[in-house]
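Produce the entire structure from the sequences given, and follow the hints as far as they go.
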Amino acid sequence: MQKMDCQAIGYGYIIIPKALLKEQLIDCSPHEGEIEAFLKLLIKVNYSETKLTDHQRRTIVCKRGESLHSYRSWSAIFHWPTSRTYRFIQQLKTNGIIEIIPHNDTTALHIRVVDYENWTNISTLLGEKKENTQKASNEKFRLFWDDYHNILQLPKENIAKAQRIWKKLSEKEQQLAIDHIEEYYYHQTNMKFTLHACSYLSNKAFLNEYEH
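Just so we're aligned, residue 1081 is where the sequence shown starts under this note's numbering, counting upward by one.
It should be emphasised that the hints constitute simulated quantities derived from the structure, not laboratory data. What you are looking at is a predicted structure, and each value in this text was computed from that prediction instead of being measured. Heads up, some of the hints might be wrong.
[What the hints assert, rightly or not] Straight line, CA to CA, 25 angstroms or less: simulated BS3-like cross-link-like pairs of lysine-lysine: (1) K1236 / K1215; (2) K1215 / K1241; (3) K1241 / K1272; (4) K1284 / K1248.
[Said to hold, decoys possible] Here are the simulated distance ranges between beta carbons: (5) Q1214 / Q1268: 28 to 34 angstroms; (6) S1153 / I1239: 56 to 62 angstroms; (7) A1240 / K1124: 22 to 28 angstroms; (8) L1223 / Q1268: 20 to 26 angstroms; (9) N1218 / Q1268: 27 to 33 angstroms; (10) V1194 / R1152: 19 to 25 angstroms; (11) R1144 / I1115: 51 to 57 angstroms; (12) T1213 / H1183: 39 to 45 angstroms; (13) E1253 / E1114: 45 to 51 angstroms; (14) K1131 / S1163: 18 to 24 angstroms; (15) I1180 / L1287: 55 to 61 angstroms.
Note that CB positions come from ideal geometry on N, CA and C, so glycine has one too.
Here it is as structure tokens:
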């Protein structure tokens, strides 16, 4: 199985009920491929944390997105020979799709699906995406704020109000507001009437058209 491209997640999800997927995969033939095997693995790993007891009565904590199955057990789940199952799991590890958690006191195969939340919890992913978008917008505002006052040599006033106006602008308008600062400054004939940052944004002075 090839290494996963994290950017592919950005193209959206197909939401399939876990019970339905499990029902469809339960009687797969030995000729099923690696995608089917990986889907089975996602179904079998823990949805919530559990405590398991090994043959020597030692307690092992198996967290969400983890599983304690032997290679033999996975072979039965995949309907594959043990040798193929071993190669597949090692390949998943090499490609960074799963991690194998070592234990000094047990031979159990303890695996963890990397970024399990991205596979099962779309709200987490959307929350991260929203947070990243907000962070980018804040960085853009800081760039605008510094450039505007450095170029026009105006006092930095009413930043909170300016931020509120900034958030109402589209991404395209935010970029135009930054790109057109110098053009706006160049066309000022009387610096007494130069707009402060809040007015520049609220009036959308960055959309002004000038005769050249």
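Structure-based check of each hint:
| no. | hint | verdict |
| --- | --- | --- |
| 1 | K1236 / K1215 | holds (21 angstroms) |
| 2 | K1215 / K1241 | holds (18 angstroms) |
| 3 | K1241 / K1272 | holds (21 angstroms) |
| 4 | K1284 / K1248 | holds (11 angstroms) |
| 5 | Q1214 / Q1268: 28 to 34 angstroms | holds (33 angstroms) |
| 6 | S1153 / I1239: 56 to 62 angstroms | holds (60 angstroms) |
| 7 | A1240 / K1124: 22 to 28 angstroms | violated (51 angstroms) |
| 8 | L1223 / Q1268: 20 to 26 angstroms | holds (21 angstroms) |
| 9 | N1218 / Q1268: 27 to 33 angstroms | holds (28 angstroms) |
| 10 | V1194 / R1152: 19 to 25 angstroms | holds (24 angstroms) |
| 11 | R1144 / I1115: 51 to 57 angstroms | violated (23 angstroms) |
| 12 | T1213 / H1183: 39 to 45 angstroms | holds (41 angstroms) |
| 13 | E1253 / E1114: 45 to 51 angstroms | holds (46 angstroms) |
| 14 | K1131 / S1163: 18 to 24 angstroms | violated (31 angstroms) |
| 15 | I1180 / L1287: 55 to 61 angstroms | holds (57 angstroms) |
Hint compliance for this structure: hints 7, 11, 14 are not met, and every other hint is.
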